[in-house]
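Protein chains in written order, with the working numbering: chain W, 9 to 292; chain H, 9 to 292; chain F, 9 to 292; chain Y, 9 to 292.
If you are wondering where the hints come from, they were derived from the structure by calculation, not from laboratory data. Check the hints yourself; a few may be wrong.
Each pair may be met inside one copy or between any two copies, as identical chains are not told apart.
As the list claims (entries may be wrong) - Each computed DSS-like pair below joins lysine-lysine, with the alpha-carbon atoms no more than 25 Å apart:
| # | residue 1 | residue 2 |
| --- | --- | --- |
| 1 | 117 | 211 |
| 2 | 124 | 211 |
| 3 | 117 | 104 |
| 4 | 124 | 153 |
In this text, all values refer to a predicted model and were calculated from it rather than measured experimentally.
The residues making up each chain are set out below.
Protein chains: 4
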Amino acid sequence: MPAPDRIIALLSGPDQPGLVARVSGWVYARGGNILHADQHRDSDAEIFFQRVEWIPEGDHAEEMDNFRRYAEDELSMTGHVALSSERPKVAIMVSKIEHCFHDIILRFKSGELPGKLVAVISNHEDLRSATEGYGLPFYHISVTKDRKAQAEAEQLAVIHQHGAQLVLMARYMQVLSDDFLAQVGCPVINIHHSFLPAFAGGKPYHQAYRRGVKLIGATAHYATADLDEGPIIAQDVARVTHRHGPSELVRRGRDLEKLVFSQAIRWHLEHRILVYHNKTVVFD
Amino acid sequence: MPAPDRIIALLSGPDQPGLVARVSGWVYARGGNILHADQHRDSDAEIFFQRVEWIPEGDHAEEMDNFRRYAEDELSMTGHVALSSERPKVAIMVSKIEHCFHDIILRFKSGELPGKLVAVISNHEDLRSATEGYGLPFYHISVTKDRKAQAEAEQLAVIHQHGAQLVLMARYMQVLSDDFLAQVGCPVINIHHSFLPAFAGGKPYHQAYRRGVKLIGATAHYATADLDEGPIIAQDVARVTHRHGPSELVRRGRDLEKLVFSQAIRWHLEHRILVYHNKTVVFD
Amino acid sequence: MPAPDRIIALLSGPDQPGLVARVSGWVYARGGNILHADQHRDSDAEIFFQRVEWIPEGDHAEEMDNFRRYAEDELSMTGHVALSSERPKVAIMVSKIEHCFHDIILRFKSGELPGKLVAVISNHEDLRSATEGYGLPFYHISVTKDRKAQAEAEQLAVIHQHGAQLVLMARYMQVLSDDFLAQVGCPVINIHHSFLPAFAGGKPYHQAYRRGVKLIGATAHYATADLDEGPIIAQDVARVTHRHGPSELVRRGRDLEKLVFSQAIRWHLEHRILVYHNKTVVFD
Amino acid sequence: MPAPDRIIALLSGPDQPGLVARVSGWVYARGGNILHADQHRDSDAEIFFQRVEWIPEGDHAEEMDNFRRYAEDELSMTGHVALSSERPKVAIMVSKIEHCFHDIILRFKSGELPGKLVAVISNHEDLRSATEGYGLPFYHISVTKDRKAQAEAEQLAVIHQHGAQLVLMARYMQVLSDDFLAQVGCPVINIHHSFLPAFAGGKPYHQAYRRGVKLIGATAHYATADLDEGPIIAQDVARVTHRHGPSELVRRGRDLEKLVFSQAIRWHLEHRILVYHNKTVVFD
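Based on the provided sequences and hints, a complete structural model is requested.
Set out below in structure tokens:
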């Protein structure tokens, strides 16, 4: 027997007395059964955050609407409300580097990531046959300096045509313009090494090797217009020594990137992340 | 200006609908301001756990009593209710090995651990002058096979005379009898290597070295009558290689033990731990 | 330009004065250029271990023979001597659980693991099409209680027919008999959770959850006749909390298993591992 | 019976064929017994590094001289040669923050760090009684903007008068001038948070909290004239979440700093570190 469908609400708004009591009281009074509830208060910013997961009595869609109205009208909170059974549509952008590409597709296919892959977009042809082997449509959209705007328009067209609700930059090696991010209409998650701002520019692992670092790291974050690096979702590191040359650092970096990227995607798809002031609350 | 005093409640009991709403509703209705609330449900065991931290309106002591009665009578929950400003009395038991002894005393003295050291009990004289240098009373109680029961009675007398509310086994190398644990009347936290049950008996790091393990670990847990190892509070590991001989494993084990032990003590003194079925819920 | 081919020698034997000098002196006197040299001495066991990697002057095959003879006849060391360009043949044994299966195949295909996959053997049909999609031959050999010996004979036939020099148990859920291990004629690497001996038997992650552990782990080791668990090659752990139910422990365990298993395979294929007294020296 | 005294040599110089063979051959020919030998080659920089540890036949001091001459004259290597029984004199510089101060003093006193503390220098009076309680001389040297040069001259006088061979900046909160570092005449090890260059300036943990990082770290390095941050010796990180406010980050940072700082000091005192091109080779 599958677990019964749950409503998951992510709320945030100005802190005020009684929010925990009012939200849980609302659910309880309408016969709902709260399975998880987690909250956080940023006392400097005076913002309150809450994640509630419950089995409603009665119709799910109706209760979601009711709760949305309650949160906005009565609590002045902005809310994201979803069903645990939803499988949001996900598009992947990738260049040639394929470790994150394979890793996340396999995780989606095994059911570990609760979403539905709908399209792979690449600025190179290299991963076409692998993509099609996975049974996914592949869109090659060439990106060059003089057709960057045109290429981004084509990418957006694919994303919108497939109704993607999440875009994953699986080592997509082009910078997305602020225009793209303003028009994409859904969250974009990116993954990269963690050396910024220390080792900006090309070949970061080679720069880290030359500097003699003893740790390398990876960071997953939301891509945001106007920001070099948007809100951080997940980070991890691995220990390295003088014995590890640049290619070994790159190899270890790949494993970190896979873990951190898939962790961030899972948290997003499980509705565990709230964003504010260019940072995140992750209700793990 | 110091933070205002808060009431902290740790509740557990049979799961039932509306517990989150009822607890937070009770606090809200009486003018309290909830700062943190965390809950957990073990759906197999059908037990509900909650930690709530709030600033009450009105007299703290009275509200604590009121809440205790409410939790027990209305919710059928067992509750531990405390003030954030309390500094429970803490006794240390130690033998000769001194790294955890120094580490936790320094952490108490720096204010990092919210408690009040009242006594050091040892089965050896070695740490008397260090203890007295820290300004603490030192009790040497010799433990030999034929006076073990007598020694434990003396230890209990010291603990009770000082009104200790927590006993720390800071590498105390004697097994406490079930009788001792039944009579001590307060929680006892122990720290040891994590090789059980693999490497029971003496010189566990030497056994681990002989087995060629690649990780060593430390575990902090509550000591409990009738159980070889009580509920686990915290664990950590460090990576080792063939280059690390037994003495290096012991040295790295010391650092692990200090970190894990002090972490467990902090969580306990901050009222973050609930125990059931020989395991813990830690509201970090 | 590819790196020039190197000879890699792994030596072990009774400790005696001058081994470092004699080995390096031999290579130097014959015009070889040592790129890496690493050694270890177990002073309790009085055994010496060395890994040397060099570019020989003259014919590689001849120098390998010369060195083998020198190590055995002059130094009384047993030696494993290989070329860095070799790609040993590797067979995979798998049941139904597929995360390690996909992970290692992708790592071999990307060139990250220096070996050549030759066959996949399974006691179930489930992974046939995935295997064939990767362009590898798939052998379904059913294993039931009354045909276990027969099944192992068939497995050995496939392994020998393909000339496999390494067998990987990628979550192969059957115990290999001592007979199988005695006849397989090449190393066998296994991966499993790290809870042994604490949580032997089925559903180890469920047992760990019930016990309330705060860490889960994975161990890769050589499978050896007559031993429940052979020499440990690699281990890693991940932190868990009371919030993580059994299925989340299983999921995190999968990521650990992939990392630890692939790490162990890489070290083996790069000729970095020496085995003695049921443990390993890993020259990382 | 104590372990016999060993000679430890750290060598570096231009790479050339036969260095391993020539060094080990020299020791062997003179009746020495090599216990550990480790080497590294930076193939880009064409520099060779070696650490050798052996029991000489004959007089230790004489063999050390002989080896030094051999390394310099015959191999064109610069060498640091020491006895394993040496206990170099160590001075501590500290301000008011005391966690590293206590931690390293206790490690020296327990014998874990092979050196001899000779003096504590501080720009504040706060740690005088603790220092004297440990039986060490305390020098209060006030540092203000207009007497900075004067203060540094006094600090150097104390360091030189005590013959310190290593200076530890145990959270000493003043920048040492290039002049000071040029004249100190011995290595200086510093410890700080790892957020540079991201969060330069005051209150780095508060900056990290505001940015929403998921990891905090500590770095130990040699202090060097003309460099903001000298060669990195050791680094470590700890995981944090949105629940951890700035004071919790500071507390976790303290534990990291103690571990990383003591690790770096141990490696230095065990003659395991070679420095080149603003980075380190650590023969762990």
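Checklist entry - Between residue 124 and residue 153, at a C-alpha cutoff of 25 Å, which is it: within one copy, between copies, both, or neither? => result neither (32 Å within a copy, 41 Å between copies)
Checklist entry - Is the C-alpha distance from residue 124 to residue 211 at most 25 Å within one copy, between copies, in both cases, or in neither? => result neither (33 Å within a copy, 30 Å between copies)
Checklist entry - Given identical chains, is residue 117 near residue 211, meaning Cα to Cα at most 25 Å, within a copy, between copies, both, or neither? => result Between. Shortest inter-copy distance 24 Å satisfies the 25 Å Cα cut-off; intra-copy 32 Å does not.
Item to check | Status of residue 104 relative to residue 117 across identical chains (alpha carbons, at most 25 Å) | outcome: For residue 117 and residue 104, both the intra-copy (21 Å) and inter-copy (15 Å) Cα distances are at most 25 Å.
Violation of the numbered hints given earlier is confined to hints 2 and 4; the remaining hints are satisfied by the structure.
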